[in-house]
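Chemist: Sequence:
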Amino acid sequence: MAEKDLEKENLEGEAVQNEAVEEQNENVESQEAEKSTEETSEDKIKKLEAELQEWKNSYTRKLAEFQNFTKRKENEVAEMRKYASEEIVVKLLDNIDNLERAVDASKESQNFDSLVEGVNMILNNLKHLLTEEGVEEIEAAGKEYNPYEHKAMITENKEELDDNVVVQVFQKGYKMKGKVVRPAMVTVNKK
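Heads up, the sequence shown is in full-length UniProt numbering, so the first residue is 1 and it goes up one at a time.
Calculated directly from the structure, the hints in this document are not laboratory data. Do not rely on the hints blindly, as some may be mistaken.
Simulated crosslink set (BS3-like; lysine-lysine; CA at most 25 Å straight-line) [what the hints assert, rightly or not]:
1. 82 x 179
2. 158 x 172
3. 175 x 82
4. 71 x 82
5. 62 x 47
Please model the entire structure based on the sequences and the hints provided.
Modeler: Encoded structure:
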């Protein structure tokens with residue numbers, strides 16, 4: 001019986017040893033798994049940090065490009081504004097030259113009629129130039145008063161005219177491409 005007990009104890013000891021070895025193996029495996037998980041996490045963190053840095057660099061470049069684009073456009077707009085009226089000025093200079101010639105010619109010939117004729121030609125040229133630029137005269141005399149197109153200077157009470165009708169125009173008004181650039185100065189009938 002002692003042998004059986006000894007064998008039994010040996011078997012139990014071996015089982016305990018096997019369990020301890022298995023436990024130790026499991027611990028080693030879990031430690032290795034943790035290490036590989038830690039390494040994987042560290043690799044992921046490094047990869048994400050590198051990707052973040054790449055995005056930051058890309059954003060900084062795009063921001064700099066946009067700022068340069070904005071500055072370029074602002075300079076182009078400033079340049080356009082600076083010389084926007086150049087074409088119309090050149091056309092006006094031609095008419096100024098014609099006026100000077102008309103004045104010089106009338107001084108020499110002392111002919112008032114030729115001066116008036118020359119001035120009328122220049123006036124027609126200027127009106128044509130304005131028409132080409134989209135400028136049109138605002139019709140006012142005999143029309144109903146419109147506060148967006150007319151500026152009332154005086155009111156009169158004329159029984160033969162309707163209420164709110166323009167009686168007289170002191171200064172013509174003009175629109176440019178549909179926008180009022182100068183309202184007509186008028187007298188309006190008020191009953």
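Chemist: If a hint holds in the structure, say so; if it doesn't, say that too.
Modeler: Cross-check of the supplied hints:
1. 82 x 179: holds (22 Å)
2. 158 x 172: holds (22 Å)
3. 175 x 82: holds (23 Å)
4. 71 x 82: Cα-Cα ~16 Å, so holds.
5. 62 x 47: This hinted pair holds, its Cα atoms lying about 23 Å apart.
In terms of the numbered hints stated before, the structure departs from none.
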